[in-house]
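Just so you know, the protein sequences line up as chains U and C, in that order. Numbering (the numbering used here) for the first sequence: 1 to 336. Numbering (the numbering used here) for the second sequence: 337 to 665.
Rather than coming from a laboratory, the hints here were simulated on the basis of the structure. We put the beta carbon where it would ideally sit given N, CA and C, even for glycine. A couple of the hints might just be wrong.
Which stretches of chain C does chain U cover? Using the computed rule of at least three CB atoms under 8 angstroms from a CB of chain U, they are [to be verified]:
1) 444-456
2) 464-475
3) 571-578
Derived contacts from chain U toward chain C, CB cut-off under 10 angstroms, selection only [what the hints assert, rightly or not]:
4) V148
5) V152
6) A153
7) I155
8) F176
9) L177
10) E179
11) L263
12) V270
13) F309
14) G315
15) A316
16) V319
17) V322
Negatives, chain U to chain C, calculated, CB over 10 angstroms [as the list claims (entries may be wrong)]:
18) V38
19) I110
20) L130
21) T250
22) N297
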Amino acid sequence: MSALAPTASPGPGAGLRSRLAGLARRDTWVFALWGLLVLLLILTKIIRPNYGPFDLGSLAIAALPVAFAAAAQAVVVISGGIDLSIGSVMALTSVVAARLMTDTTEEFAILVVIGVIVLGALIGLVNGVLVVASRVPDIVVTLAMLYVWAGVALIVLDRPGGSVADWLRQLTRGPFLVEWIPRALVLLIVAVVIVWIPLRRSRLGLSIYAIGSDRLAAFRSGVDVDRTRVAAYTIAGLFGALGGLSLTMTTGIGTPTPGPYTLLSVAAIVLGGVSLAGGQGGLVGPVVAVFVLRLINADLAFLGVDPNFSTVIQGAIMVVVVMLGAYVTLRRGRTA
Amino acid sequence: MTGAQGVAGGARLSVAGVRRTLRDQPIIPLLVLLGVLIVGLQVARPGMISPDWASSTIRFAVPLAILAACQSLTMLTGGIDLSAASVASMSAYIIATQSPEHGPFIAIAIALAACAVAGFINGIGVGIFRVHPLIMTLAMSLVVLGFVTIYQGFVVAVGARTPDVAAWLGGGNTGGVPNSLLLFVPLAALIILGLRRSGFGRLLYAVGDNETAARLSGVRVWQVLIALYVLSAVLAGLAGLILTGVTSSASATLADRYLLPSVAAAVIGGTSIFGGRGGYSGTIVGALILTVLTSLLTVLQMPEPVRQILFGLIILAVAAAYTRITEEA
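Just chain U, with the same shape it has in the complex (with noise of 0.2 angstroms):
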């Protein structure tokens, strides 16, 4: 890892390399991560030759829900919390998105989308308020929401069902200009994107990162503490609406029960980077950490590895990338 680091010899004509060098400095968690994406990609070529557009589309749509679950965790997080609801507020969202759109026209689901992203928001908004409000730590409050959103999900539809308008299906299908590019993927980077870069630069963003590194010192920098943490819930809320209608997308229906989304997106934003104790990391360190775990998942049953044994792997690959990194971690602390 240090290797990704080296000690760049500022010259003419180095300016690339130098700006590389200073990205890797900065970033060496989520270069090295790219760099593992791209690895995981050759070796994935090298076990199965005809790995095509195909396969790639497929991967990103079984990435996306999870990468929106990741990106709404990391927001959290950055700030100090931790959303254990991410899992329900996606299966609450995906049902009503499935449940509006049953019998309606191709126009309408335009408003049913813009309605579940407010909605996703709004729930988000009431995670923050009860968290602020409460003094009960993050995990108690997210945990018990974890039951009171998945009853709501099952009062808007007891069963799998609803339907999904048509443009909004063929949204994540196929490949996008080129045939190398997934739409899927097209949509998660555009969404991202539109969320967090006007953020990351605002002062709510600094606002957030300031919250999650020293609470105290935000507070007597003039931070309104509180406010902070209900707009990360919020902002959590609306990246949990994104997931849930890619439920809704990917799938056709919405199921009211919750996925594994909760635990993967926890997954995740540690192996993409971002600190449990709050204020490092960003957003493309989760996302693409969702791509080299579902990747990792697409080896291994390429290589006729038994499912039940890539669990297994994944825990092992979760902990021992964590422990690296904590050992990285130790080595600088002691070299700097």
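For chain U, the structure is supplied; the task is to place chain C on it using the hints.
Chain C alone, transformed into the frame defined by chain U:
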């Protein structure tokens, strides 16, 4: 409590005094809540409260209370054990599949040994490599689940059968008293006394309260953590043993639905998730509250969704009330 204060003078029985008493004895409001729930049950369905009802409630509360012990103990050090449920399921499954061949006691020994190994790895990850307990135990739950599913493939010919010992222990009654109390009462006494009196118990509080201070005082924190996570996994294994008896079944996901309630029981029982504060007696009451609450919601014939919503809201309300009561005024 009113007696002692009444002697001192009725005028001094102020709001602040009550608050202080509640803060020093946080188990009192929990017992009151439990009483209210039981009365509510009696009102909702008169004649429901009977010795039979009590023994069946206890039978279902015991595995939850043991799993909640895993959470309570790890939370004291600022950790959590999300692998408890899959470890419990593993234990139940190993017991059910190994006992036809080796007899129940060897099967139980094998199961608990397997649990201890899982706990040991958790402890190494948390204690030596400083992996966040949430991540470490979450990953371990995946690993355990995977291994059990693979193991399932090997023993599919043997078949899973709950041994009579487990059925007797988990599901049986002797003179109206659930047999599981035979295991649970000594276990609970050991944990409560151990936390208060033993050196190891105090080390858990010390590590959770201020790890740096503990380390500087010469505590080998990593050894404490390894011992703790092994203990937690063995407790989870015992919960699995009881659970396979209660339900007379065994599968790789048997205990999964107890995971979140076990965390909730520890939290409403007053154990701080940040470490250093709490105990096991509150957790036991928490497990009883959750079990009675579930049966109350069932008796009221709430539809499943409403039950889930109320369950979540009540956990939140109790936790919030608790935070307010125990907070320094």
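Hints the structure fails to honour:
1, 3, 8, 9, 10, 20
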